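Chain A is already provided as a structure; the job is to place chain B on it using the hints.
If you're matching them up, the sequences are chains A and B in order.
For what it's worth, full-length UniProt numbering labels the leading residue of the first sequence as 1, then goes sequentially.
For what it's worth, full-length UniProt numbering labels the leading residue of the second sequence as 1, then goes sequentially.
If you're looking for bench data, these hints aren't it; they were derived computationally from the structure.
The structure displayed is predicted, hence computed values, not measured ones.
Warning: the hint list may mix true and false statements.
[To be verified] Only pairs whose alpha carbons sit at most 27 Å apart, straight line, appear in this in silico DSS-like list of lysine-lysine:
| hint | chain 1 | residue 1 | chain 2 | residue 2 |
| --- | --- | --- | --- | --- |
| 1 | A | Lys530 | A | Lys554 |
| 2 | A | Lys613 | B | Lys469 |
| 3 | A | Lys469 | B | Lys613 |
| 4 | A | Lys517 | B | Lys517 |
| 5 | A | Lys613 | B | Lys476 |
| 6 | A | Lys613 | A | Lys627 |
| 7 | A | Lys476 | B | Lys613 |
Number of protein chains: 2
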Amino acid sequence: MTRSEDNGHTNGAFNEDSEVSLDIPTNTLYHTSRDCIVQEEQSGESESCLEASRGCCRSLRHNIFRKKTLYKRFPHPDYKKDYIFGDLVAGISVALTVIPQALAYAGIAGLDLQYGLYACFLGCFIYIFIGSSKDVPIGPTAISALLSFQIAGGSWQIATLLTFLTGIIEILMGAFRLGFLIDFVSGPVGAGFTSAVSLIIFSSQMKDFLGIQTSGNTFLQVWISIVNDIHNISWPDFILGLICITLLLSLRALASCSVGPKEGKSSGQALLTGIFWTVGTARNALLVCGTAGLGYWLSVSGQEDLVRTVGFVPKGMPSFQPPPFHIDAVVNETTGEVLVDGQSFWDMVSTLGSGLIVVPLIALLETMAVVQAFADGKPTDATQELIASGVCNVANSFVQGLRSNGGIARGAILNASGVRTQLSNLYTSVIVIIALLYLTPCFYYIPKAALASIIIAAVVFMVQYRVIKPMWHSKKTDLIPGLGAFFACLVLPLQLGILVGIGINVVFILYQAARPKLRIETLATSSGLKYLMLTPDRCLIFPSMEFVRKVINKQGVKSTLPVVIDCTHIYGADFTAAKVISTMVMDFAQRQQPLFFYNLQPRVAQVFEGLNKDLVVIYDLTTLHSKLAEKGSA
Amino acid sequence: MTRSEDNGHTNGAFNEDSEVSLDIPTNTLYHTSRDCIVQEEQSGESESCLEASRGCCRSLRHNIFRKKTLYKRFPHPDYKKDYIFGDLVAGISVALTVIPQALAYAGIAGLDLQYGLYACFLGCFIYIFIGSSKDVPIGPTAISALLSFQIAGGSWQIATLLTFLTGIIEILMGAFRLGFLIDFVSGPVGAGFTSAVSLIIFSSQMKDFLGIQTSGNTFLQVWISIVNDIHNISWPDFILGLICITLLLSLRALASCSVGPKEGKSSGQALLTGIFWTVGTARNALLVCGTAGLGYWLSVSGQEDLVRTVGFVPKGMPSFQPPPFHIDAVVNETTGEVLVDGQSFWDMVSTLGSGLIVVPLIALLETMAVVQAFADGKPTDATQELIASGVCNVANSFVQGLRSNGGIARGAILNASGVRTQLSNLYTSVIVIIALLYLTPCFYYIPKAALASIIIAAVVFMVQYRVIKPMWHSKKTDLIPGLGAFFACLVLPLQLGILVGIGINVVFILYQAARPKLRIETLATSSGLKYLMLTPDRCLIFPSMEFVRKVINKQGVKSTLPVVIDCTHIYGADFTAAKVISTMVMDFAQRQQPLFFYNLQPRVAQVFEGLNKDLVVIYDLTTLHSKLAEKGSA
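Extracted from the complex, chain A is given alone in its bound form:
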């Protein structure tokens, strides 16, 4: 299997709407990195080693707010003049993608469309100073928008508070180096989650795509309401949507078209390839412009009701103010009717609930997917990304921005546009500000179906069906957490769904800890003395001890031969294990059956000997055989 084929198969779970085809090592997308490696020298005969890998461990003990660490958190690359062009092209390319995406994702989050744009300039600008990766474009993503909708329920106040508080939590997670937590989202769970997200977003867009009314919170309810209202389908909306999707998918394919030979293109071929790539990459912006023009034309020709458009988007910059820490009640002054219930800070926080943990976790997964995809084997720094994302979101919450993080699609555009440093974000920010100041009146005419098409054409590539086959060939039981996460995310709120998936995986780990395997052999020494060799295959800790004790006692009682427990594979033990081993030693002593521990690692022996000094530990076969002979003749 070649490398590129493999990438096709194991398309990264967070590789949502990857616009350009790149050789991304998506196999490693789910994992963070840490600059701490814990390695312990084992007992025995290791020849050399390890010095280098020790240093990293020490770094954990460093004060995380030391000058050097702070400097690391605020990198100032030596900027060279020839970086400018790459950064400029990349910044503009991303801006052309992020503007239509921001409008569309604000719709997913159930907010007025300007809140999407509000999230695309301040955080993006701040990332220049504290981000660790040139390839991470901070902005709303489909996943973060859907999470925001499910958690905040379309209230801009709660959504803004979510941005603020999750930012604070990310900074704290970074300070305490909790980035490793994403290691607990396994590949299958990540794939299940992403697939469910794409289906949920797909369903949510049917409303605008078909021009019908939908209702319901779960995936099933939405589809039932779609079927019930399908007779009210708005054909113009639907046809426009279909045309848009066809166009988008064609242009997406065009972006990766290469004219002429791979190496040594003529200038004409290179130009054509460049044009194809540019048109393909800017397809969302082009589509928005084109369909907005259509909407404007319909409006001036008096046919404005033919397709539904986005409508009024407020012009200008958002006000700079703290995020809302409470919601005032809105009362109709004439009737005294309460239109909007007031909410205290704690009401709002309890609405956010487990989202406060899940959102930073998913955001880190998405961001690290981008960082690692383009790291080219260089070390990556999850801690710094956590802190950077946290600060950017705290800043965004002061301009009422939607929750943001790095997205693989825009990351791929940055990389393919030849980005050199984080400064590309400056150009993106400036263009978004220009759009806010001058372009919002044009947004009025964008057809809703066009925005829905942009989202649909993006999320269809997030369904991870291709991961099932290799999973089936490799480890079938891994389908259980994967499918568990998938269905749980479809029927439960997303933040609970992914926790269910992680929970299933944790149960797998616990089961492994609780049920070691024991190999039982009857062996003989050179002098013909028979003995029973029992070999547990992993560490002895509390959930497995009763089980192990029963097996060993049963075998011991049954055979009356001397028993040797081969401890080669036992790399750890706890107090409960020590207690059970201590009882076992006494049981064997009582029935005068010899019991030896063979090859027990000193640090495990220390645990056992804390409770019972009588255990006989032997480290080589010769001693074992002579001891056996001694006991045999006694």
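Just chain B now, kept in the frame of chain A:
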């Protein structure tokens, strides 16, 4: 260290008020048994083995409601005539203990005292037919009473529903063989929980012991209120309490006094030893009788306010009726004021909450502690105990009984009294019924301080301070879950506290899964070819893979030597591991560095090869060395 010393040190966590000193192998008290042993034959050179241990695995697949299984659930021992005397003495001894205990524990549960007695006859009687152990006396225990109080808050309706629903859950847990769940309560967590329970119960009895008012829910609040009200201390109550405790502790010591030599006592010495034991064992009953007499004398001599007594306990049997599935509102008919709020079934169930899982778990821990303490090495059956306890509690809920299970104190009395079969429960039931029918008027005069003394004299032996020292010598980190469970149980509701302890332990297991240790050695073949040998010490699963990949890649890039991964200790892997290994194989191929997998178990190799067929697996050193030479010369 001798056996008895060791027992002293590791006094079982659930060994609450062990009345008699017995050589109980308390080291094994926390664990259940299962009749299922899962053993897998490992690859390689095992000589023989395993047939015997396979059969058990098959039994899991049996239909649990087959005729044979049902018969096993309802044992009918061949009853012999000479069993009668032992069972009769044991039954009466336990009855004399359980009646004062039931009154006292009902007080801990915040209920009227008769509810304790209601729990001591029907379940006890049913246990004769379905219990697996002759040594388990079903009845309220201090732990179950405290849990009932914390969960039901002193409402007899909710407490009865708790008895019913936890009974149903126990039956289901038995049917699905979930008894192994108690393996996840480690020794340290069990000790922490039991110690916290004893302190909480001790504090709750200060009210009656000192004759003051206390308030508050947490341990700290109760002690603050004690200190605040200490000036209202009732000296007669306090002095009576002190005398009672002194008496009880002296009689407890007397019970284990042996007159004359250990073997070959004269008949006088044997009689005296017997009398000591009887008086010591019946001390609670004697104390209750004595102090009730005192109370009666004070009452007839007009000094009835000197010490506070228990007061009216309704006479006669409870009504046989289904447990209450809702609570009717109580309204004052004249004023229309709601005295007691009505509660629906779901209100009541949501009050029970996590208690529905924690109570059966703790009950099984307590019961199995008794079963295993007196099993004399014979196999025990947690599944049957679960079902038996479930049926007994469902039955008890029809007579409004408090939640019940086996208790180590009464178990020790049964065993020491020479119990032969479960029939002893018949005599206990009959005596409790007689007490209900005829003795309740006498209970009126029992001083509250006397009951408090019985409880205090029992729970002081539940504080597991002696477990700390061996834990410190064996595995210091195990103090963390132990102390965590202890403090969490003190400040949180008990059922949450123990879950916190289990949670801390689970984090330990997960950390172990996430951070394998890698040994790195530079070795050489006989022909002098150097290579790098990397040895991970445990299974490769998702939380550890990113970590392992980083270490291996780092070492690989640093040294340029061929890399051999020694997979001897890798007993399992998952899809995430396979993906990372697959990437790693491609990385090494790209930089043309040889990578070999040494001694990879076939079932793990299968997982890896499901994703990448290119990996080179070698099973012996000769092949490894020749392959290395091949690559070295290439």
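Cross-check of the supplied hints:
1. A/Lys530 - A/Lys554: holds (18 Å)
2. A/Lys613 - B/Lys469: holds (15 Å)
3. A/Lys469 - B/Lys613: Status holds; Cα separation ~15 Å.
4. A/Lys517 - B/Lys517: holds (20 Å)
5. A/Lys613 - B/Lys476: Within the cut-off at roughly 17 Å; holds.
6. A/Lys613 - A/Lys627: holds (18 Å)
7. A/Lys476 - B/Lys613: holds (17 Å)
Checked against the numbered hints given earlier, the structure satisfies every one of them.
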